[in-house]
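One-letter residues, chain by chain:
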Amino acid sequence: MSFWRGNKLAAFSPSADENAKRLTEMLGDADDVKQRKFSFGKTAGIALYLVTLVDSLRVEEHILRPLAENKSKNPEDALTAIERDDAADYEAAMNALLIGKTLVFFEGRTACLICGTERTALRTITEPLNEKIVRGAHDGFVENLNTNLFLLRKRVQSKELVIEFAEKGERAKKQIAIVYEKEIANPELVKEIKRRVDSINAEMIYSAGHIEQMIEDSTLSPFPQFLSTERPDRVAANIMEGRIAILNDGTPTCIIAPVNFITFYQSPDDYTSRPLSGSFYRLLRLFAFFIAVLLPAFYIAVTSFHLEVVPGDLIVQMKGSVADIPYPTIVEALFMEMTIELIREAGIRLPSPIGQTIGIVGGLVIGDAVVSAGLVSNFTLIVVALTAIASYVVPSTEMNMTIRLLRFPFMVSASLFGFYGLIFIMMVIVIHLCKLESLKTPYFAPFAPLRWKDLKDTFIRRAIWKQKTRPTDSMPLDETKEEGSREWMKE
Amino acid sequence: MDEGVKTKKTISAQQLFFLILQTQIGVGVLSLPYSVHTESGKDGWISILIAGLFVQIGIGVIWLLSSRFPDKTLYEFAPLLLGRLLGTIVNALYIVFFFIVAAQMLIVFLYLTSNWAFPHTPHIVFAVIVVGITVYLIQENIRIIARFHVLMSFLFIIVLILFVFIIKHLNVYYLLPIGSEGAPAILSGTKQALFSFAGFEFLLWLYPVTKASSKAKWKAAAGASAIAAVFYTLLSAFVYMFFSLKKLNHVPEPVLYMVKAVELKMIERIDLLFLSIWAIFAITSFMSYMYLAASGVAKLAKAKHHRKAVYVLAVLILPITFYTANPEQSVNIYEKISTLSTIFLFAVPAFLLAVAIIRNKREEST
Numbered sequence: 000m001s002f003w004r005g006n007k008l009a010a011f012s013p014s015a016d017e018n019a020k021r022l023t024e025m026l027g028d029a030d031d032v033k034q035r036k037f038s039f040g041k042t043a044g045i046a047l048y049l050v051t052l053v054d055s056l057r058v059e060e061h062i063l064r065p066l067a068e069n070k071s072k073n074p075e076d077a078l079t080a081i082e083r084d085d086a087a088d089y090e091a092a093m094n095a096l097l098i099g100k101t102l103v104f105f106e107g108r109t110a111c112l113i114c115g116t117e118r119t120a121l122r123t124i125t126e127p128l129n130e131k132i133v134r135g136a137h138d139g140f141v142e143n144l145n146t147n148l149f150l151l152r153k154r155v156q157s158k159e160l161v162i163e164f165a166e167k168g169e170r171a172k173k174q175i176a177i178v179y180e181k182e183i184a185n186p187e188l189v190k191e192i193k194r195r196v197d198s199i200n201a202e203m204i205y206s207a208g209h210i211e212q213m214i215e216d217s218t219l220s221p222f223p224q225f226l227s228t229e230r231p232d233r234v235a236a237n238i239m240e241g242r243i244a245i246l247n248d249g250t251p252t253c254i255i256a257p258v259n260f261i262t263f264y265q266s267p268d269d270y271t272s273r274p275l276s277g278s279f280y281r282l283l284r285l286f287a288f289f290i291a292v293l294l295p296a297f298y299i300a301v302t303s304f305h306l307e308v309v310p311g312d313l314i315v316q317m318k319g320s321v322a323d324i325p326y327p328t329i330v331e332a333l334f335m336e337m338t339i340e341l342i343r344e345a346g347i348r349l350p351s352p353i354g355q356t357i358g359i360v361g362g363l364v365i366g367d368a369v370v371s372a373g374l375v376s377n378f379t380l381i382v383v384a385l386t387a388i389a390s391y392v393v394p395s396t397e398m399n400m401t402i403r404l405l406r407f408p409f410m411v412s413a414s415l416f417g418f419y420g421l422i423f424i425m426m427v428i429v430i431h432l433c434k435l436e437s438l439k440t441p442y443f444a445p446f447a448p449l450r451w452k453d454l455k456d457t458f459i460r461r462a463i464w465k466q467k468t469r470p471t472d473s474m475p476l477d478e479t480k481e482e483g484s485r486e487w488m489k490e
Numbered sequence: 000m001d002e003g004v005k006t007k008k009t010i011s012a013q014q015l016f017f018l019i020l021q022t023q024i025g026v027g028v029l030s031l032p033y034s035v036h037t038e039s040g041k042d043g044w045i046s047i048l049i050a051g052l053f054v055q056i057g058i059g060v061i062w063l064l065s066s067r068f069p070d071k072t073l074y075e076f077a078p079l080l081l082g083r084l085l086g087t088i089v090n091a092l093y094i095v096f097f098f099i100v101a102a103q104m105l106i107v108f109l110y111l112t113s114n115w116a117f118p119h120t121p122h123i124v125f126a127v128i129v130v131g132i133t134v135y136l137i138q139e140n141i142r143i144i145a146r147f148h149v150l151m152s153f154l155f156i157i158v159l160i161l162f163v164f165i166i167k168h169l170n171v172y173y174l175l176p177i178g179s180e181g182a183p184a185i186l187s188g189t190k191q192a193l194f195s196f197a198g199f200e201f202l203l204w205l206y207p208v209t210k211a212s213s214k215a216k217w218k219a220a221a222g223a224s225a226i227a228a229v230f231y232t233l234l235s236a237f238v239y240m241f242f243s244l245k246k247l248n249h250v251p252e253p254v255l256y257m258v259k260a261v262e263l264k265m266i267e268r269i270d271l272l273f274l275s276i277w278a279i280f281a282i283t284s285f286m287s288y289m290y291l292a293a294s295g296v297a298k299l300a301k302a303k304h305h306r307k308a309v310y311v312l313a314v315l316i317l318p319i320t321f322y323t324a325n326p327e328q329s330v331n332i333y334e335k336i337s338t339l340s341t342i343f344l345f346a347v348p349a350f351l352l353a354v355a356i357i358r359n360k361r362e363e364s365t
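From first to last, the protein sequence lines stand for chains A and B. The first sequence begins at 0 in numbering that gives the first Met the number 0 and counts up by one. The second sequence begins at 0 in numbering that gives the first Met the number 0 and counts up by one.
The hints are simulated quantities; they were obtained by calculation from the structure and are not laboratory data. Worth double-checking, as some hints may not be accurate.
[Said to hold, decoys possible] In silico SDA-like links for lysine to any residue, alpha-carbon gap of 20 Å or less: (1) A/K455 <-> B/K8; (2) B/K259 <-> A/V309; (3) A/K33 <-> A/S14; (4) B/K264 <-> A/T471; (5) A/K36 <-> A/E106; (6) A/K439 <-> B/V124; (7) B/K264 <-> A/H305; (8) A/K439 <-> B/L154; (9) B/K264 <-> A/L405; (10) B/K360 <-> B/V89; (11) B/K264 <-> A/K33; (12) B/K259 <-> A/T471; (13) A/K452 <-> B/A12; (14) B/K264 <-> A/L306; (15) B/K259 <-> A/W451; (16) A/K439 <-> B/E139; (17) A/K452 <-> B/K259; (18) B/K264 <-> A/M317; (19) B/K264 <-> A/V315; (20) B/K210 <-> A/W451; (21) A/K439 <-> B/K71; (22) A/K318 <-> B/E267; (23) A/K439 <-> B/K264; (24) B/K210 <-> A/T471; (25) B/K259 <-> A/D197; (26) B/K71 <-> B/F53; (27) A/K318 <-> B/I266; (28) A/K318 <-> B/K264; (29) B/K259 <-> B/Q138; (30) B/K218 <-> A/K439; (31) B/K264 <-> A/W451; (32) A/K439 <-> B/Q138; (33) A/K452 <-> B/Q13; (34) B/K259 <-> A/L306; (35) B/K264 <-> A/V392.
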């Protein structure tokens, strides 16, 4: 609390000049602090604002002009700014000033009036680039918190939707909003998340990722314990399952807890499409998970230890292809994996036309040349390429990173111990998943602990009307999701 | 969230079922048909079935005993029944027994592993890895262990699917005439098979932490053992239908040879896949026994958490496995532990039940 040292600043002075001067001093006489003097009948006063943050038109229209026109008896009534508040002390006044409000001081009064005059520079609401879907809503969060909350409120028009604000950041304040459905979300969890958010004591909150690291259960785990999303429909659906969303001003990303492993594999597309196709793509994604994590390791184990598991017809080609390569398979595979990671990273950083070029040069040229040069075998190339494709199937960026990381221990272990290496790492990861908790709820539910009833929205997605209850992992107060939607069938 | 911890009832009846099943099905899978066959020939599957029935009696005894002390494990109620000194001795003996069983499992695991897949890798490497993974799991509470065991149980589905592919290779006539080996041979095979069912005594420790009615706990434990019995019986019947008696004498791990016969278009040498699944079953059993031993040591040392005991036991078990690395020794150990196990699995619980009835000791659930 370095701003408020010394108690002489506790109360406002009756002199408007004095108040304005003090606040200006506190801001280090910054050049964008503007004082506008006005007089309303006999009372003089000062409007104080940061010219870089306010919408000048609003200051003019709603504060200065009405005061100059002098139509009503007392100055408060004259102001036409809709959002108005009284500041209790300098701290409150300063905070208001810093988010773009205008302070109005009247001579002879020890009070400070706050008027809402913020300027908002809005990016248009577009579909998030990293979470595209085919059917369903195409709106996405933006950097402005109020807009995001508007999108949520608009989507969940329920009197039970609770939005709670917290201001965090010791030096530079940022608003954080905690959103949940109070009749569904477990109050214990809400309390817990508030406790954790309260304890954040950072200088400044830069992004949702910062909050996540401050409040997640286990930071060193490779698995994300918060679902990050920029899609309002996804947030709304999760809130309706009793989960709690945290948004912050400045990032379009919303983080959601408690979540479990399977949440990262649920895409809004699954629910908008038909149950059969929804289930098919869910299964495909989970299958892709296994390919992305296990395929290169399995390939390495087979070529370096258990070549005899390959069926007879294939073994000749495979053996021939691998035998010509001077390096062990693990080196080949790691080399190709690193190449793909390089292409990916370079592709993100570069402007998009060049990014595509990199993709072509990297993918086609290197891929082709590396085989004809005899550095990498054809089979390795197929395996690595398939793995790369499979790892991008998961509809969540964090889980995608996790998958790409997880494959490396598997590959190393498989090159050392073959199939045993695979099962060793698999056991470690499953144990880790069994231990892991997201906001004190088991992360690997409904698989561990096994809850048969909740499996209806995991490997497959049952028809919406068959999902009569919410998943229990978020410990919802009310488990019923719907009943009797298909009553018409009986008539 | 925390209510489970407060009341100590942390696992469900379903988890109890899988914990016991996973503990029972372990290293024995590969060689049980062979070791029973040495006693009772082609009627070995009957021996195993009978062993399964005996185990049901054992479970009944344990259940009766545990339901008298619904909030206490054996480590806690043994001193109440036998007096402080005697109870502590019984506890210590159980700890040693569990530790030996765990060590034996590890030895068999290492032996078979190097025999079948990794002849050049030193034993100590796999020992360290397996013990490391075990420590990683069992330093946690029973709830986490239960979650893991439940998940791993789903590998059974793969095993059962493999069984379907074996059926066409089977010859039922090898089993006929049923029972021709005679009752004494069959019973001596039963004695040989009993040890494979070790794991049901876990109920003595799981009973107080399971949140279910007393009857549900019995159903879970008896059900798990019944499934294990059916599985083992089926497995050995398959083996006896697959190999003729003459051939069987030469294959100490007949199950792997049998699985090897399976031919799928996609993948060959299914035995390697089966060996990996078996490794998981073996390690889960090993984990259970290490957990039992560690929690006993922690109780003896009056420690709040069993974590430190786990570390101590993990360090202790490594040199043992390193020392006894040749197959003859491991077979010897197996014979001895097999006899020991009948005492610890059946005799001691029965004796404690008798004491409890005579001294009329009984506690109500809190």
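So, going through the hints one by one against the coordinates:
no.: 1; hint: A/K455 <-> B/K8; verdict: violated, 27 Å
no.: 2; hint: B/K259 <-> A/V309; verdict: holds, 13 Å
no.: 3; hint: A/K33 <-> A/S14; verdict: holds, 17 Å
no.: 4; hint: B/K264 <-> A/T471; verdict: violated, 42 Å
no.: 5; hint: A/K36 <-> A/E106; verdict: holds, 11 Å
no.: 6; hint: A/K439 <-> B/V124; verdict: violated, 36 Å
no.: 7; hint: B/K264 <-> A/H305; verdict: holds, 16 Å
no.: 8; hint: A/K439 <-> B/L154; verdict: violated, 28 Å
no.: 9; hint: B/K264 <-> A/L405; verdict: violated, 30 Å
no.: 10; hint: B/K360 <-> B/V89; verdict: holds, 18 Å
no.: 11; hint: B/K264 <-> A/K33; verdict: violated, 81 Å
no.: 12; hint: B/K259 <-> A/T471; verdict: violated, 43 Å
no.: 13; hint: A/K452 <-> B/A12; verdict: holds, 16 Å
no.: 14; hint: B/K264 <-> A/L306; verdict: holds, 15 Å
no.: 15; hint: B/K259 <-> A/W451; verdict: violated, 34 Å
no.: 16; hint: A/K439 <-> B/E139; verdict: holds, 15 Å
no.: 17; hint: A/K452 <-> B/K259; verdict: violated, 38 Å
no.: 18; hint: B/K264 <-> A/M317; verdict: holds, 16 Å
no.: 19; hint: B/K264 <-> A/V315; verdict: holds, 16 Å
no.: 20; hint: B/K210 <-> A/W451; verdict: holds, 17 Å
no.: 21; hint: A/K439 <-> B/K71; verdict: violated, 27 Å
no.: 22; hint: A/K318 <-> B/E267; verdict: holds, 15 Å
no.: 23; hint: A/K439 <-> B/K264; verdict: violated, 46 Å
no.: 24; hint: B/K210 <-> A/T471; verdict: holds, 18 Å
no.: 25; hint: B/K259 <-> A/D197; verdict: violated, 60 Å
no.: 26; hint: B/K71 <-> B/F53; verdict: violated, 25 Å
no.: 27; hint: A/K318 <-> B/I266; verdict: holds, 15 Å
no.: 28; hint: A/K318 <-> B/K264; verdict: holds, 18 Å
no.: 29; hint: B/K259 <-> B/Q138; verdict: violated, 37 Å
no.: 30; hint: B/K218 <-> A/K439; verdict: violated, 31 Å
no.: 31; hint: B/K264 <-> A/W451; verdict: violated, 33 Å
no.: 32; hint: A/K439 <-> B/Q138; verdict: holds, 18 Å
no.: 33; hint: A/K452 <-> B/Q13; verdict: holds, 13 Å
no.: 34; hint: B/K259 <-> A/L306; verdict: holds, 15 Å
no.: 35; hint: B/K264 <-> A/V392; verdict: violated, 28 Å
Of the numbered hints listed earlier, those contradicted by the structure are 1, 4, 6, 8, 9, 11, 12, 15, 17, 21, 23, 25, 26, 29, 30, 31, 35.
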